[in-house]
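Peer 1: According to this note's numbering, the sequence shown holds residues 247 to 658 in order.
Heads up, some of the hints might be wrong.
[Stated by the list, open to error] Each pair of labels, with its calculated beta carbon distance range:
| no. | residue 1 | residue 2 | range |
| --- | --- | --- | --- |
| 1 | 543 | 574 | 16 to 26 Å |
| 2 | 311 | 604 | 19 to 29 Å |
| 3 | 311 | 331 | 39 to 49 Å |
| 4 | 479 | 595 | 49 to 59 Å |
| 5 | 327 | 484 | 53 to 63 Å |
| 6 | 631 | 379 | 54 to 64 Å |
| 7 | 417 | 332 | 26 to 36 Å |
| 8 | 379 | 498 | 21 to 31 Å |
| 9 | 429 | 543 | 47 to 57 Å |
[Stated by the list, open to error] Derived DSBU-like pairs (lysine-lysine); straight-line CA-CA distance at most 30 Å:
| no. | residue 1 | residue 2 |
| --- | --- | --- |
| 10 | 353 | 312 |
| 11 | 353 | 292 |
| 12 | 353 | 336 |
| 13 | 371 | 312 |
| 14 | 339 | 353 |
| 15 | 312 | 339 |
| 16 | 292 | 339 |
| 17 | 336 | 312 |
| 18 | 371 | 334 |
| 19 | 292 | 336 |
| 20 | 371 | 339 |
| 21 | 312 | 334 |
| 22 | 371 | 292 |
To be clear, the hints were calculated from the coordinates, so they are not data collected in a lab.
Ideal Cβ positions, reconstructed from N, Cα and C, are used throughout, including at glycine.
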Amino acid sequence: MLKNKMNNITKTIILIFALSVYVICAYTFSRHQAYYNIYGLGNGDKISYERARVVSIDSQNVEPDKHYRNLLIGSQQITIHILTGEYKDKEMKITNGLNYDTNYLLKAGDNIVVSINTAGNSKNKNVNVFVYGPYRQPWLYVLIGLFVIALCLIGGKRGLKSVIGIVFTITSVIFIFVPLIYNGFSPISASLLMAIFTACVTLILTTGFEIKTFSAILGTAVGVVLSSLILLIFEHLTSLSGYNMPEYDSLMALSTHTGLHVDELLFAAIIISSLGAVMDIAISIASSIQEIYAANHNLTSKMLFKSGINVGRDMMGTMANTLILAFTGTSLNMLILIYSYNMNYYQIFNSNTITIEIIQAISGSFAVIFTVPLVSFISATLLPLFSGGNAKNINVEIPIQNNTDKNSVNQT
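Please model the complete structure; the sequences and the hints are all you need to start from.
Peer 2: Right under this line is the structure:
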């Protein structure tokens with residue numbers, strides 16, 4: 247009893263220490279100087295975004311668009327009550343123009359966000375207010391809350407740990423990964439370190455300090471590194487880099503002040519975007535092998551390895567499809583445009599955008615593919631070694647799929 251109590255105290259101390267170090271690092275890395283003040287226009291001019299409520303619709307001239315369904319064109323004359331900022335509690339009459347990108351038909355009582363453009367000095371101030379869009383934050387909070395509740399209700403204690411892992415990942419990206427890259431640290435090194443660091447913390451939080459956890463972490467790390475080599479090779483062969491990505495011109499201007507390595511951003515984006523799928527398949531295979539071994543300690547390492555490969559084969563195609571479909575979904579508008587233009591074959595497959603999407607999808611899928619045998623081998627080696635089983639050493643051989651392999655776990 248005393249020993250367990252001391253272990254719990256030790257774990258708590260380590261957790262508090264690690265959390266303190268993490269917060270300090272996040273605070274240190276996230277401090278930076280903004281080189282572009284997008285809210286200050288010079289000469290005392292400025293822009294601010296504030297909450298407002300629609301008091302009344304004074305008049306409107308709105309009709310359905312003749313060419314596009316579910317779109318309205320026209321304008322509304324509305325009175326709004328400012329809820330935040332310098333002009334809080336003031337009422338203003340403004341125009342809400344409805345067009346293709348700001349198609350918001352407002353009604354009394356709606357909460358909105360407005361852009362307040364102020365020009366001139368305090369004696370001669372000119373204020374222009376525009377509708378920026380609906381106030382969406384509450385609904386986003388509701389969606390996030392429903393997700394957290396569902397995860398905790400269905401996942402129980404592990405669901406709660408998963409939520410903590412998600413929060414950790416998001417904060418790490420925002421407060422450590424992005425600031426590191428922004429301040430001139432190599433995006434290649436940062437993305438690899440971030441992938442390994444995130445895998446360690448997330449998997450330990452989710453599954454605890456178990457053999458399957460360390461197998462999944464090690465398999466994820468090696469799988470990501472191996473796929474990175476392929477990614478680097480084909481980036482070089484196709485003459486692609488961060489300079490070929492969208493918004494490269496703004497990032498290049500920013501790099502003159504911060505030392506940002508724009509050319510390596512493509513690599514970092516691909517590694518980070520594929521990490522979730524790699525961790526998913528890694529822990530699934532490691533957990534399956536551990537369950538199989540727990541049911542039958544007489545299984546050899548070779549049998550466990552074959553079982554892991556068979557489980558991985560069932561998941562590999564699905565995970566690869568997940569990555570490819572995810573990248574396809576983000577490029578749906580572009581695909582429709584390509585289809586409508588009837589573009590030339592050589593133009594399509596040699597364009598920057600299409601080539602980047604293909605490399606992004608396939609490089610992430612390589613990480614998934616490499617992770618299957620790696621985690622199977624590591625789990626099959628570590629489980630008998632640290633569980634006191636009778637398994638023999640592994641003789642690594644990727645099995646040919648057949649019924650005998652699938653039934654190997656039934657041997658006693």
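Peer 1: Can you give the numbers of the hints that this structure goes against, from lowest to highest?
Peer 2: Numbers 1, 2, 3, 4, 13, 17, 21, in rising order.
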